[in-house]
Every structure is written in C-alpha cells, then in structure tokens.
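Engineer: Residue strings, one per chain:
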Amino acid sequence: MVSKRFTIADYKTSVHNDWCPGCGDFGILNSIQMVLTEMQLPNHKVAIFSGIGCSGKTPHYINVNGIHTLHGRVLPYAIGAKLANPNLEVIAVGGDGDGLGIGAGHFVNIGRRNIDLTYIIFDNGVYGLTKGQASPTLKLGIKTKSLPNPNINQNINPIALALVAGFTFIARAYSYDIKHLKDVIRKAIEHKGLAFIDVLQPCPTYNDIYTREWFAGEGNMDPTTMKERSRVYKLEDENYDPIVHEGSKEEINLKMAQAIAKSNEWDNRIPIGVFYKNEHGYIYEERIESRISDYKENPPALQKIESNGISIASIKSILQLL
Amino acid sequence: MVSKRFTIADYKTSVHNDWCPGCGDFGILNSIQMVLTEMQLPNHKVAIFSGIGCSGKTPHYINVNGIHTLHGRVLPYAIGAKLANPNLEVIAVGGDGDGLGIGAGHFVNIGRRNIDLTYIIFDNGVYGLTKGQASPTLKLGIKTKSLPNPNINQNINPIALALVAGFTFIARAYSYDIKHLKDVIRKAIEHKGLAFIDVLQPCPTYNDIYTREWFAGEGNMDPTTMKERSRVYKLEDENYDPIVHEGSKEEINLKMAQAIAKSNEWDNRIPIGVFYKNEHGYIYEERIESRISDYKENPPALQKIESNGISIASIKSILQLL
Amino acid sequence: MNIINELSWVTGGPQGSGVDTSANIFARACYLAGLHIYGKREYHSNIKGEHSYFTIRVSNKTIRSHLDRIDMLVALDAETIFRHLSYVSKGASIIYDSSLNDKRLEDINTIGDVARRRIETFLKSKNKNSVKDMLDSVRDECSICSIPFNELLSQLAAERGESMLSRLTRVTNIMSVASSLALLDLDVKYIHDAIKSIFKSKTNVIALNIDAANKAYNYTKAKYDISKRFVSKSLDNLILLQGTQAAALGKISAGCRFQTYYPITPATDESEFLESNQIISNIDGTKGSLVVIQTEDEISAITMATGAAIAGARSSTSTSGPGFSLMAEGLSWAGMNEVPVVITLYQRAGPSTGLPTRHEQGDLLFAINAGHGEFPRAVIASGDVEEIYYDTIRAFNYAERYQMPVIHILDKALANSLVTCKVYDTSKIKIDRGLLIDSVNGDYKRFRLSDDGISTRVRLGTENGIFWNTGDEHDEYGHITEDPEMRDIMMEKRMKKLDTMLRDLSNEEKAIFYDNNSDKTIITWGSPKGAILDAISMLDNTFNMLQIKLLQPFPSSYISEVLSNTQMVIDVEMNYSAQLAKLIKLYTNKEVDYRIVKYNGRPISADELYYALSNIINGSKERRVVLRNGV
Amino acid sequence: MNIINELSWVTGGPQGSGVDTSANIFARACYLAGLHIYGKREYHSNIKGEHSYFTIRVSNKTIRSHLDRIDMLVALDAETIFRHLSYVSKGASIIYDSSLNDKRLEDINTIGDVARRRIETFLKSKNKNSVKDMLDSVRDECSICSIPFNELLSQLAAERGESMLSRLTRVTNIMSVASSLALLDLDVKYIHDAIKSIFKSKTNVIALNIDAANKAYNYTKAKYDISKRFVSKSLDNLILLQGTQAAALGKISAGCRFQTYYPITPATDESEFLESNQIISNIDGTKGSLVVIQTEDEISAITMATGAAIAGARSSTSTSGPGFSLMAEGLSWAGMNEVPVVITLYQRAGPSTGLPTRHEQGDLLFAINAGHGEFPRAVIASGDVEEIYYDTIRAFNYAERYQMPVIHILDKALANSLVTCKVYDTSKIKIDRGLLIDSVNGDYKRFRLSDDGISTRVRLGTENGIFWNTGDEHDEYGHITEDPEMRDIMMEKRMKKLDTMLRDLSNEEKAIFYDNNSDKTIITWGSPKGAILDAISMLDNTFNMLQIKLLQPFPSSYISEVLSNTQMVIDVEMNYSAQLAKLIKLYTNKEVDYRIVKYNGRPISADELYYALSNIINGSKERRVVLRNGV
Ligand SMILES: Cc1ncc(C[n+]2csc(CCOP(=O)(O)OP(=O)(O)O)c2C)c(N)n1
Ligand SMILES: Cc1ncc(C[n+]2csc(CCOP(=O)(O)OP(=O)(O)O)c2C)c(N)n1
Ligand code: SF4
Ligand code: SF4
Ligand SMILES: [Mg+2]
Ligand SMILES: [Mg+2]
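Heads up: the sequence lines are chains A, B, C and D, in that order. Start counting the first sequence at 1; every next residue gets the next number (the numbering used here). Start counting the second sequence at 1; every next residue gets the next number (the numbering used here). Start counting the third sequence at 1; every next residue gets the next number (the numbering used here). Start counting the fourth sequence at 1; every next residue gets the next number (the numbering used here).
No wet-lab data here; the hints were simulated from the structure. Treat the numbers as computed from the prediction; the structure is a model and nothing was measured. For every residue, glycine included, the Cβ atom is placed at its ideal position computed from N, Cα and C. Watch out, some of these pointers could steer you wrong.
[Said to hold, decoys possible] Not everything, but these chain B residues come out facing chain A in the computed CB check (under 7 Å): (1) 104; (2) 105; (3) 109; (4) 160; (5) 224; (6) 253; (7) 254; (8) 257; (9) 258; (10) 287.
Here chain A stands alone, though its shape is the one from the complex (with noise of 0.2 Å):
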C-alpha cells in the first residue's frame, strides 16, 4: 500500500479566514500548516487548542482537530486531552493576554509539569479582539493607537517567565520570517517535553509602535554602515549555544542565566530563535508511567470499560480493604 502524501492544502479548511490584512497571524497559520506537511503529521492525529482572542481562531483554518477554548484556558483543556491520551499531537496556540494576563495561573504552573506539549504565543503586545487595549508584553510608557493614557503597567517577559516557570524548551520567533518560524515550530514540536515559544507578531491595525517596519528596522541606523538595520537578529546567527548538554545543575544554571540575559535585549537588537533547551528529565508522562506502567500503551481516553453495557472493572479487592 503506498500511503498518500499530505501536501499543503491537506491542512487548509475553507472556512473563510477574518483576520485583518497585513496582520502578523496569517505567517503563523501558514508556518504550522508547513510545519504539519513537513513532518507528514495525519490530520486526525492532531489537535490544536486555542483561547480566545484573533489569534484563537487558529483552529478554525487549519484541517486538524480544532479546540477553540475560553479565554486564557487554552493550556488546561490541552493538557487534559493531552494527559488522556498521550499519542495525540497537541499543539496550543493563544494571544498574549490570553496566555499571560489571565492565562498567567496556568503559564506558571504548566511550567511545573513538563508535558510534551507546544504552546504558541502570538505576542502583540495589544488586545487585538477586544480593540487594542494594552496587553501583559506592551511596555511601561508605550501608548499605542487605541490607548486614551500611555500603558501604565511594566511588560512580562515571556521568555524570562517561561524559564522561571520550568519550560524546558524557550523560543522565540518573528511572524514576518515564515522560514526561522517554520523551523522553530518544528523543533518545538520534536522537543520531548514542554516548549514554549513567542512569536513576535505585528498586528497593524492597533499596534502602531511595533510594527513590521519597525522590526525590519526603521529608524534604526547600523552604526557602521549607517543604513537601517532589522531589528530581529538570530541567535543562531551569533553561535549562541542554547542546549543543556550534560544536565548539571551548573549548566543548567549557566543555560538560565544567559537565556535570560538575552531575553532582556530589546530595542535595537531582539533576538529570535532558541533561548534554551533542555531535554533531561522525566517528561509528565513519564512521571505517570512510573506510576501506571501502560500509561501510553492504554491511556485514559482509549480504555475499554465496558463489555455489551457491563462494566468490566472489578471493585472486589477494593471492597475488601476498605
């Protein structure tokens, strides 16, 4: 039997897509929708999540089981079916005050269980759905179009809180650069444990400062050429060396120590690509199959538990130790 090949389309629905033009969420649709080709993923096998949000009707365009969550929720519902079946491929995507305004409880505390997971944060600093208010990543001062005052709250650092939060996987990506995004995407997704990753993406109808002219580089003067420089740079560009070989608590500290460093330069210089990857470690599932030996072989989602009506588990031994 020669098995069919997925091609692109395989992974497009025709549901009609409303984000805005020009909006920085179409090069992260079309990244996953590459990466899932790529990698040959069967559409059934897949499920993303989303929360609420422009960013959270992802789902609804892309040909694979589409979660499409409540706001800032999208990482328990995906660990649920994560955890009750283990062999799907779950991807959870969501904005930026999804993820880490509302969403914050849960960013934390995911951090705690390394599940093998992907979670995408499409980062525009603003509100997009409900009409550019400022968002968790939107800096002190900065006032965007739709803003009657300058923000008036610091940014979080997503990068810097993931690490904190116990991610084991930390990138970051640009929504304009399809090809680096693809990649991350990939390697998030191939990451065995919880990755994280934050996709700077422009939205042009209400984050005026950030702006994909802005990250390309106006304004911004290469002192040496004197001609504007992009402000996205790539960390693998620099040789920087974002993998946990050994696992000691040394290097891990070291690891942490520069992947933070690097996540505080803004401004003239931002970095893309992978802050920090650490593969040692029981993932969540292990832990679980530590304690139920089948875990991943007859999950939550997939046992039997009854035969014609009857329920076959027996309650005897349990009875009698009560």
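Given the structure of chain A, go ahead and fit chains B, C and D with the ligands onto it with the hints provided.
Structural biologist: Showing chains B, C and D with the ligands alone in chain A's frame:
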C-alpha cells in the same frame, strides 16, 4: 500632648489561636507584631489582608484592620484597598498554595504594577489547612507525610518568579529566626514599591521533610568542623549586595542574575536575607499621580461625593462634548 | 416621499470601514436637525472585513426601538444589498455605489454558508443574480439612487491636490450620509456640524469630510427628486448618547471613584469612557477623580473593586457573561462581608463565548443565583438609556444602604444603542451612603446586630474603627465562628436586609406600570421595553406594560397586586427559556399566558413584536412565540 | 441497660488527637459484631486543637441518620463534657477520664464566646462549675464510668518497657473504645479485628493498640455493671464506608479514567481515595488505570477534565462550593460544546468560605443556574451512601448519552458519614456511552442536527473524524457562525436534549416515592432523606416521602402527579430559603404547606425532625420551621 507609645500588646487580639503547636506561623505572626511596634504604626492605619489556609487566619490575631479574603485572591483585594487609599499601610499574607498555585496569575501580574505594599508568603511546601497535599514549592519527587505518591510536579522558585514578574524588593526569611525575619519585614515595609518575602515556614504537622530540625542542620555535616551546620545562612553575612544602586539596565541585569543564581541554592546551603532591591523607577501610585495630580491627598476612598445628599459631581462639560 | 416624520435608515459595509462613524454622523445630523434618534449597531466578533451595519431610526416623536423595515438603505458594498434587500419597504430609497452593479453573490466571501443558502434560494426564486438584477426587482417600488462615489472621490482628490486616492476612500461613508440627508431635504449644515462634533479637534479631517459631504449632497440634490420628510422642532432638552456612556455618567454622578474592568464586549466602552473622563469637576469648584484599573482578569476585577469598597470608595466593575461567571466566588465573599460593590453586567448572547457582539438577556437567573451559598444581593434592570443613568446611581445607593453587592443588569442592546434621551436632571438624584460613619465612639463592631440587619460601616483607616472581614462565618467583630447559634443569628441578620430593602423601596423603584386600562398586560424587564412600548402604541394601546426593575429581592406583593387586575399576561424577553416568566410564577403564582421570546442574537424590533401581538389579539393559540427577525 | 438494640454513641476531643480513628474503630467493631452503623463527623476548619466529635449510631436494624440524643458519651477531655452533656439522655453511660474532674470552663480556651456564654448560663442555672459538678448533676440518671486512663497507660508502658509515656497517649482513644465495648458486653475480638483492619500492615501499632484495648476492656468489665444491649445477626451483605468512597467506587465502576481536583473540604477525600486505587483490576484479567491530577485551581480542574472528555475519556472533577463558583465559565463552555463531563459537587455551608467543614445544601439553585447563557445540563442528587454509588454511574451515562455536563450534587453529610450499606451489586449497573462511535464513514459533523438533539461523538484522534469545538455559536462542523437562523437551530438542538432526557428516564431515576398511604407527603432531596425516613418510622409512617433525584431538567409531570394525590406537602431541606420548595412551586404550581429548614451548619437529626413533624401533626400554625439542634 504626649502621644501614647504602642506596645506589642496593642497589636494582639484576644482571638484564640488554633495553629498547631510548634507551627512556623507563630514566628511570622510575632515578627509582624514586633515590626508594627518598632515602627509605632497606629493600628487603624494598617490593614492586613490574607488568603485562605492556616496562614490565612493571621489577621484575626493582629489588632489592626484584618481582611481575610478568598483562596488565591489576597493580592487583588489588597491592591483595591491600597489604590483606593494609598495612605494605608497594606500588608498581604498567605500560603504558598494560595499565592503560587491558585494565585499565580495575580502574583505575576502584580509584578507589572510596583505598588507600594508588602506581600509575605508562608512557604511550608504543603497545603496545610486541607491536610497536607503538595504545594507549588514542594520539589519534584519529595514525598511528605500525607502524599500517597512522591510529588509529581516540579516546584516553583518564588524568588526567581518574583524577580521576573517585576517585584522590586525580594527577600527570603526563616520563621524560626525571628530577629532576622523581623528585620526583613521592616525593610520590606519601608521599601518604596512592591516587596515580597518568601518565609520558610516549617509545618510540623504535614511537612516531615523540611522540618525545623532539617533547617537547623540535621544530617548536614560541615566538612571542616565535621559538625552539623545550619542549612540556612544569611546573604548579608557573605557581603551579598542586593541593591541596585545606579539603576542602569546593565546593573539591573547583573543584580537580577545574581539573585536568580542565589535563589537556586538549596539543600545544604539555603540563603536568607534580601536578594534584590531596586527603588529606581516609578511606583504605581506615582504613575497614577501623573494622571491625577492630587491622587494621594484626595484618594478615591476619601473623596467627598455629596453634600446633603446631593451629588457634587458635575457632568455638564462631559455632556457638552458627547 | 411625504412629510411622514419617520424614517428607518440602514447603512452596511465591512467591519472597520467606517460604517460606525457614518452612522454616528447621520444620527447626529438628524439629532441636530431636531429629530429623535434610535440607533442600533450590529457587527461580528471581528476587527476588519465581516459585514456590519447600523440602523438609525429617526422621528419627530419619541421612539424607543428599531424597526426591521428599512426606509432608506445605504449600501457601500454588494453584501449590504444581498443581506438587507428583503427588509426594504415599499417606497424606500436605496443609495448605492453604481460600481457595484455587476457584483454577484459568489464574489462575496464574507457571507457564511447558511446565509448564503438563504440568499441563493431567494435569488433563484426571483431569477436574480447580480446586484443590478436585485435592484431591478424592486425598482418599481423603490427609488434607487445610484451614486458614482468613486468618480466624486476622484473629483475631490483633484480639487484638493491629493494624489493618493486611497487616502480618501474613508470619506465615501460621509458622502453616503450626505446623500441621505440630501434625499431627506435636510439642511447640509447639520452634517457639517455633526462632522465637527464627531472629529472634534482634527481640523484637517473635518475639512476633508465637509468637502466630501458637500460634493455628494449637491450631486444628489441635483440628480434626484428631493422631498421634505420631516418637520422638526428644537430639542434643547435632549442628548444623544449610548448606554455605556449613560452608565459611565451615572457612575460619575453617583460618586463612584474606583472602577475595575477586564476588556470584554460590550462592557469595555463604559470603562474606557470613564478613563477618558477621569478628572471630575465638582460643583463646588473642587476636582474629583476616578481611578480606572484594567485588571489581569475578572476575578481580579471583582475582588479589587471589593477591596476598594472596603477602603471606603464607591466602587464598581463592569463586565459581560464570561467575566461575570468568573466573579461568582467574589460575589459570594462580598455578600458574606456585606460589602457595597456594584457590578454592571452587560449581557450578550451566550452560552460561553456565544455570539459575543450580539444580543441576549440570558443571564437573569444566573445573576440572581450566582455564587455558592445563600447571601443577600440586589439585581436591578434598566429598560432604556435614560433609566440607566438614574439606576446606576440607585445601584450605589442600594449597595451602601443595604451593604450588599448590587448587580445592575443591562445588555448589548442598551449598551450600544445610540439614542436621544432627556438630559439628565441631576437635581433629581440623591446620594445615600447609608450607615457609613466617619468617626467611631466606643467598641466598634462591624457586624453589630440590629433590627433591620444593617450595621454601621467605616472606611479602612478610621480611628477607633478597626474591623475584620472574613469569608468564614463570623461574629459581630468579623472574627471566625463555627458556633451553630451565632451562625443562625448571622444568616438571619444578613438575609433580613432583603426584607428591609423591600419594605423601604417605592413601587416605582420596583416596577413601572404603563397602565392603558387594558385587561391584557405585557410583562418584561430590560431592553425589550422600547420595542414593546412602540408596538403597543402601534396597536392603539390595547395592552398595559409592566416593566420589572427590581428582580432580586423580587417585589412579589406589588407585582401580584398589579397582575391581579389583568386577564391576560404576556411575557416578552430576549432569551430561550423565558426567565422572567419563571420568576413571575415562582413569586406571584401567576402562569403567564403567552411567552414571546427571541434568542437569535438580534434584538426585538417593534414591527415583529407588533405582528406577534396582533396574532395574540386575533386569538392565536401558540403559547410560546419565537421571534426570528434580523440580519 | 437492656437489649434495646439501639445506641447513640458520641466521642469528642481535640481535632488531631485521634477522635476520628477511635470512632472509626468503634464503628468497625460494631459492624463486625453484625450491627448497622450510621456515623457522623463534626470538626472545625482547623488542624489541631479545636473541638471535634463523632456520633456513631448503632442498631440491629437499618438506620439512616444520627440522633441528637446521646446514649453513651466518651469524653477524653473536659470540653466534650461541657459541650455535649445537655444532649445526654436518661439512662446514658458517660465514659470519661477521672483526671478531668476538676477542670472548669475557664480552663478551656477552645470554646468560643457564644458557646461559652451558653454553657455559662447553663452552669449558673444549675449552680455547677467543674466537670465533676456537672457529672454530679446527672449521676442519678446516668451511669458515670470514670476510667483512670493515665494509670492504665502507665501500666501499659511498664509492661511494654516503653519509657516515653507520650508515645502512648494516642492509644487512650482506643482504650475508651474498648471501655465502650465492654459496657455493651460486645466481645473484645471485634475491637481486635477492627484495629487490624484500620491499621492494616502496621503490625507494631496493631499490637500496641490491642494491648491497650484489652487493658481498658478488662478494667471496665471488672469495675462496672455490664449488660448486653444488642442481639445481632450476621451482616454478610453489608459494607462500611463513607460517601466519598462510594463516589470513588462509583467512578471506578463507571469507567471514569480521568479525574482532576483542587484540594477542598469535603471533596478531597474522594480524589485521594481514587489516587490510592489508581490501578484497576478488570474482570477480564486486564488492568485499567485512572489518572488523577491535582490542578493549580478549580478553573483548571474543570477545563482539564473537559479536555480529557473531548479526548474520549470518561472524565470528572470533584469540588465544593467555592471551587464550583470558579467552574461556572467552564461549565458553560462544556454545555455549549456538548461535552460529557461530570462534576461531583459536595456542598458545605456557605456563603463564601462559610463553615467549610460543616453541613448545608445551599447550592441547588446555583448548580441549576451556574454559568452565563442558556445551555443544557443535568443536576442529580443522591440521598444516601448507597445511592451515591449507583448515581455516580448514572451521572456518566447521562453525560455521554445526552452529551452535556452533569452535576452530581452531594453534601458534607453524605461525604463524611460512615455507614453500613448494602454491598454494591455490579450486575445492576449498565454502562451506556450513548452515540460515541469508534469509526467514521463519510463527512463527519460533530454537531449534526438530529431529531432528539444528539449527534454522534468521536474521540480525538479518530480517523476521518476530525472535528472542531468552540465556545462561539457554531455550525454542524463546530465552526463559528453568527447567522441568526443557524443560531436558532443550534440553540434548539441543544435545549432539545433536555426533553429527550425527560422522555427517556424512568420514574425511579427522577424521584423515589415512599408511599405510606398517607395524605401528607414530605418532599426532599439529598441527605435529609435518612433523618426523614427514620423520623417517619418513629411516627408510625404517618407521612409519605418523595425524594427528588433529578433536579434539572425538572421532572414536572411525574412530581405533579405524585403530589396531586396528597393533602399536605412538607418540604425538608438544609438551607435558608427552601430552594427545593421554589422548584416545586415553579414546576408543579404547588405551594408547599410547611418548610422545615436548617442552616446552622449541622445536619438534621431524626429526633429533632420527629419533634418538628409531631408539631405539625398536632396542628402547629408555624409554616416555616427552623431546626437549630447541634453542637
Ligand atoms: C473571561 C473573558 N473575559 C474577557 C473576554 C473578552 N476578550 C476576548 S478576546 C480578548 C483579548 C484578546 O487579546 P489577546 O489574548 O492578546 O489575543 P489577540 O486578539 O491579541 O490575538 C478578551 C479580553 C473573554 N472572551 N472572556
Ligand atoms: C477556591 C477554593 N479552593 C479550595 C479551597 C480549599 N482550601 C482551603 S486552604 C487551601 C490550601 C491552603 O494551602 P496554603 O495556601 O499553602 O496555606 P497553608 O494552609 O499551608 O498556610 C485550600 C486548597 C478554598 N478555600 N477555596
Ligand atoms: S486586530 Fe490585529 S491581531 Fe487582530 S486580526 Fe487585526 S491585525 Fe491581526
Ligand atoms: S497544619 Fe502546618 S501550617 Fe497549618 S497550623 Fe498546623 S503546623 Fe501550621
Ligand atoms: Mg494579543
Ligand atoms: Mg502552604
């Protein structure tokens, strides 16, 4: 007029204290009362907010205003009161489950605000009041008394999390070293901005791993003296300088990196004391003042809004601009 | 056209293309011309591109609702024609861009499957295809005004020396408004003034828009028959505003000085309006101020507002269904601690995310029962934009008088409708802070027992007035107790406040009875009020209407009394299960005779209600009538 | 004592001192002796030191509730005497430690102000002061057994060569149990077996406890008059367990394979029991397993459980009021997406934190109305521990059959009561997964329209069965729609499932009618069932009882039918506002004649209910009766 000097008795209530004998909470309670006495703070000007847990009962034992709120929500309640009347001295207290589990979203987001209040976490590694489940600070694989299995989650590092979130004063203390704890609390209260103290608080009833004896040095041989050595040591004894002096970006990066490195120490040497302190940058109240110039003198809670039952606010000019 | 002093005007176009602005300018121009306005906005949960439209009803008399019938349709895109043509009335005018003639349904990708099939069926039945075809089919009955907007734009560009035509496309909307005014023979000065008032200090924009308006106005006047439709008088005592603004103004007047919110449609506008007006002028020359905080979520919004209320500020939060769901626990805490906090709940269509920009009144029973355990709360509902202002002030008075959370329940129809309303009479309002005291003598007990259940309250920071709060059952000081006797006493103390409230309130605060001496009474709550009153007057006042304003505690005896004199009771509300009818049954023993409900996300129009009520008059046996109009 | 085959035994002491263990051993010993048990636990929201007590009622017949009356009081501290003495019946035995004689009320700091004043008044009225004084006052009527526990302990220490007496103090509890058994002339072997069963593999602890038990048993037998109180028969078909265990066992049998929870009293025990039994033996020799996740909060608990249900697992979460409040939004999403998820809601006394370890049924209307918008859900209630097991299985069947969230509403009285109950008959239970399909042919639509509102459902990962979910209104595929027509269709599809459910279910699943051919019927739901049945039988079955099990959708027609044949309806429930009576009014038009309510945090006892019902029989005019017993 000779003003009355407050004694510690003035800060005590007659409410029966029902914590377990030997609980670390007592040390924190006493320290708070000692600081209030030292600082001679008038009882009615102080408001202590708490979450739910054994720790949540603290306000009932202190003779200042006491608001015992909901599980995980101590911070927003405290913020609401503080911002409605910035002249109040506001202290928030609560458990590690309260603040870092269910409350983690508020913990991260209060960091964006740098409000001038003090938050103390009673860090006992367990959910005390619900009988000893693992709290978010309990380390992976540890099995305390009430757990049927070793802890399946990694822990949160509260110091690092506070740093990344944006707290500007971050310290750790130990509940059986009352003198030191008291000094740290005082510094936190006197800090201009958002202060956090992680208090190591043994729970003799449910945490049989990180006990008073363990902190005191049980099994921790000093390689030189070959005697048991306390696991807890003071940062100030090692000339650690937590203070951001100049406020440059580089200095802040450096001080944060050092604090994070220190916060990763555990097991044989556990640092207590001030990890980080930065008084540069505006506090939230000042940011409000930049919009509302008489905010402090005429705060929301104290504004006159009526005269003989007639509203004194005029809406005419707004109507004209509609 | 004749002088009929009535018009139902609709403009449609892609979300984000200026539909909203042009409708606002049209409404304001008519308002400036001395006419009454009722405007209704419909849009998708989308930022750009999906179909949105705005209905502006104009009259020289008071109007309170929209009509489905369209008297003038302004179509700047083909989609507007395809979607709305079937609602166009005989004799209507259709203003459209002549370049749209050849557009077909299949060219439009923003129409979803269901609507597409519906329109296809219609097109097939009429053998139609393109926009022109469609318009042809109504050409006999309607006046079709095709305006070459692009050409006019080019002229304008040339005149202004503007090379980039695309910089001007936005003004097409203004031109269509100007054409509308021209057809109605309303003076062009009204649109000038409206433009100035909307664009405020942006002088360049104003000039451009005025130029554009003049061009279209003149073109239209020159090309089409113009006849006067309105005779208007001056409307000095009317203001034009939206429900969210009315609520915000109410909060300012009420002395609310602390507001929290987490962005959510359709509540956000209120908070943003407050933030833009946070410095308050007091009549005594002093300044006040309102702190508005965007929180990280709605749990934080309710708890932070509660913290501020404990500190002593009049404090509130505004939200919609999903946010309110997250507030249930905080509500229960506020009830337990007798904290006066106001929640303005703007309902939208649920469940869950539902139709987040659409209409529904689906949260009544939830608002009444939200939060675990039993505690006193008040739920009050406003029926129109005028009431919103006064009720907002009442909400704070109730909250402080009875020391309990008050839910002021509104909905998207009230939030976003743009209406003329009597200027607010601030001399009518009273601020009543209840037992809030400034100084304390003797032993202070926050929860001191009293006959009516109400205790004195102090601000945090009051000398000698130290107090405790706790979500646990507590004694008079606010310290935890688990004593069964104390528990009973405290439960009874708290719940007693509901009786006190019912005893105190006037009938007018409980419900408004529009008595037409009929033996049939329509009951309702909230936004359907307008459509009902309009429909009743279309039906020669053959019905009374009872609008219930206090939903919790339910004013059983007053409502029973009113309903006891009626033969037939008809419930009208905008939800699936007729929630008010349940309360009526529960608290008055009366089974309503008819339920007219609507839950398709579109508000009830006066005309569809008119038909439904006519059917009932004519003896229809259908006891549950579902209204299904709307685009 | 005579052979009366009935006993109400109470032991009290500081929280954390072993009261719980000793009561469990006493109960188990009696159970092993062939007797029926009903045990009730009372404790503070505290870990150590506050007063806690356990009532064990023992009988040779089926019993379903506790009595306030105490026949045997075991006091290991003075507080127990001060608090409970007034409930001691004539002829009762009091076992206490003789060293307590001189203790006075003022020595005890764990008694709060209110209780203190109450006890003081009592003491003054009787001119009493110390423990001895108090006991003297009842010496004529009761048999006071003072046991020198400390002395016995010393002997024991000496015999076992244990130098640290403090290591042994814990066993005082066991000794008091042994004394109780001795007084009842029950064989000492029962306590031996009970000790073994409770301490399982801890052989040292077992030996020590058995030694201690023997010592006290023999001492008591030697010193006091012993008379046989019980004649028992073998109880092969009974098990002894708590409500949380019954629910956990139900989940295992139901095939629930994913459970989330956030710790909260009194729900946590269930999840911990599940986690301790997470490997499941199947009858076909295979193994199953149950993943139990402690989440970071209850929002995560409900949403994670929902995620697992979407993946295809039978999935649930357990919580109490405060946690349930946080689940409202997730509930609404599950309703919108037709996800079968089960919420086990253990009510406790609210509002807010309330009395977190005490009793109430205050969340019924909240459970029925929680979550914004209108969506189908089922709410079912169990009346006793036996029902809990079967109803848990039903909950999952309903959830999957009707594809909606199901709330299984219980309370602290059911959760923590320790009772003998008929061994579960697993052949009685059926697993019905509804329209869950394993493979898909053709175009798959998750929300395909159907006559009964139910669509086929697949697990995530099913070939050809890709689907979408969204909290927005959606089309048959699960993609967002804002079309008004589609909206109506989908609302009707979802709500229709409630009718389908009402049509499907048998009367027994809706309500249980205990027909005593009376013209008076008591209605109730949940835990009061036991006290009502016991009180009815004390009153010679002069009442019927109707226990409503399906609260939402409400089985109006069946309930109306049953109630139509009755003259007097008496509602009994454990909340302030008689919530069930509201549902009865709303859905059956029947105004109940009497409401017997209780809200002091203590469950209803058979004896207080007996008095209340007697008063009604005797013509009392009080329509609302508040029960106030309890310590
Ligand atoms: C509980 C709740 N509160 C508020 C909202 C309203 N809401 C919808 S989208 C959104 C913010 C979206 O911002 P972000 O998460 O950054 O996503 P973006 O639109 O920028 O992609 C909010 C607050 C909601 N849906 N649910
Ligand atoms: C919403 C909610 N969920 C659960 C609980 C139950 N609960 C009470 S205390 C507590 C945990 C306490 O642990 P921690 O915060 O660490 O405080 P500690 O008792 O250890 O001081 C929990 C989960 C609650 N009160 N409210
Ligand atoms: S509002 Fe911004 S984020 Fe949303 S679709 Fe438009 S451009 Fe994209
Ligand atoms: S359980 Fe632990 S934290 Fe709670 S009072 Fe007891 S010792 Fe302290
Ligand atoms: Mg965003
Ligand atoms: Mg703790």
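Engineer: Can you list which hints this structure breaks, lowest number first?
Structural biologist: Of the numbered hints, 5, 7 and 9 do not hold.
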